[in-house]
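Residue-level listing of the chains:
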Amino acid sequence: DSGVTQTPKHLITATGQRVTLRCSPRSGDLSVYWYQQSLDQGLQFLIQYYNGEERAKGNILERFSAQQFPDLHSELNLSSLELGDSALYFCASSPPTTDTQYFGPGTRLTVL
Amino acid sequence: AQSVTQPDIHITVSEGASLELRCNYSYGATPYLFWYVQSPGQGLQLLLKYFSGDTLVQGIKGFEAEFKRSQSSFNLRKPSVHWSDAAEYFCAVLTGTASKLTFGTGTRLQVTL
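Sequence order for the protein chains is A and B. Residues in the first sequence are numbered consecutively from -2, following this note's numbering. Residues in the second sequence are numbered consecutively from 64, following this note's numbering.
Simulated from the structure, these hints should not be mistaken for lab results. These figures come from a predicted structure and were not determined experimentally. Here a beta-carbon is modelled for each residue, glycine too, at the ideal position from N, C-alpha and C. Incorrect hints may have been included.
Said to hold, decoys possible - If you want a taste of the chain B side facing chain A, the calculated C-beta under 8 Å gives, among others: (1) I72; (2) K112; (3) K124; (4) S143; (5) F153; (6) L157; (7) L164; (8) F166; (9) T168.
As the list claims (entries may be wrong) - Below, computed lysine to aspartate or glutamate pairings styled on EDC-like, alpha-carbon distance capped at 16 Å: (10) B:K131 with B:E78; (11) B:K112 with B:E129; (12) B:K112 with A:D96; (13) B:K124 with A:D(-2); (14) B:K131 with B:D148; (15) B:K124 with B:D71.
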């Protein structure tokens, strides 16, 4: 158990819908990262937040957005969902003193 | 651009045999390197990391990895594999400015009894 929690574990929804994935980092960690794991793209970095501020962006679609709240939990919002958005979405966190990232168990999103 | 190559998609070893999983990276500066393991239906667990110093690093579950700058490699090894080691293994490099991980495509390890 890494100490990073993600909810929900599974999510099944329809095309065109909007979902929110939630992540709570390890105690003391200020950075939160989101990654997408799909069969065709592998593990891809989406976005990073540090203490509430967006720090870096990767291959994140415009239909996707994220934020980090004052209590440091983060949410990833996916809208206008397409079949190709079906994937495992991971959250990771890291403490301010190191670049080591600890991953949560992931949220499996299925878009039907 | 930074990249990580794991040349072996799938490897099968017998329980008790030794294991080496290959990883090659492309990165201009001194890399920060990681190995993660993903068991079926699970998240990514950190096995070990290399930032600097001793090029042979020890990790959890009896794994070790050796950083070889001349070969741009960071291969993962275990002297004796257990059936519970069956999983997918990912090598990753940290890109310094963005602090994002760039992953290889993974190597699936199967262990036969």
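Original post:
Does the alpha-carbon distance linking K124 of chain B and D(-2) of chain A stay inside the 16 Å limit?
Top reply: 15 Å, holds
Original post:
Holds or violated: is there a CB of chain A closer than 8 Å to the CB of T168 of chain B?
Top reply: 5 Å, holds
Subject >> Satisfaction of the K112 of chain B interface hint, Cβ to chain A closer than 8 Å >> reply: 6 Å, holds
Original post:
Are the Cα atoms of K131 of chain B and D148 of chain B separated by 16 Å or less?
Top reply: Status violated; Cα separation ~24 Å.
Subject >> chain A contact restraint for L157 of chain B - C-beta distance below 8 Å >> reply: 5 Å, holds
Original post:
Does K124 of chain B pair with D71 of chain B here, judged by a C-alpha cut-off of 16 Å?
Top reply: Measuring from Cα to Cα gives roughly 21 Å; hence the hint is violated.
**OP:** Measure nothing beyond the straight line between the CA atoms of K131 of chain B and E78 of chain B; if it is 16 Å or shorter, mark the hint as holding.
**Re:** Outside the cut-off at roughly 27 Å; violated.
**OP:** Tell me if I72 of chain B is really an interface residue toward chain A, meaning its C-beta lies closer than 8 Å to one of theirs.
**Re:** 12 Å, violated
Original post:
Are K112 of chain B and E129 of chain B close enough, with their CA atoms no more than 16 Å apart?
Top reply: 10 Å, holds
Original post:
At a threshold of 8 Å, is the proposed contact between S143 of chain B and chain A supported by beta-carbon distances?
Top reply: Violated, about 26 Å.
**OP:** May I ask you to test the interface hint for F153 of chain B with respect to chain A, counting a Cβ-Cβ separation under 8 Å as satisfied?
**Re:** With Cβ-Cβ at 7 Å, under 8 Å, it holds.
**OP:** Would you settle whether the hint for L164 of chain B is holds or violated, based on the nearest Cβ-Cβ distance to chain A being less than 8 Å?
**Re:** 6 Å, holds
Consistency with the previously given hints fails for numbers 1, 3, 4, 10, 14, 15, ordered from lowest to highest.
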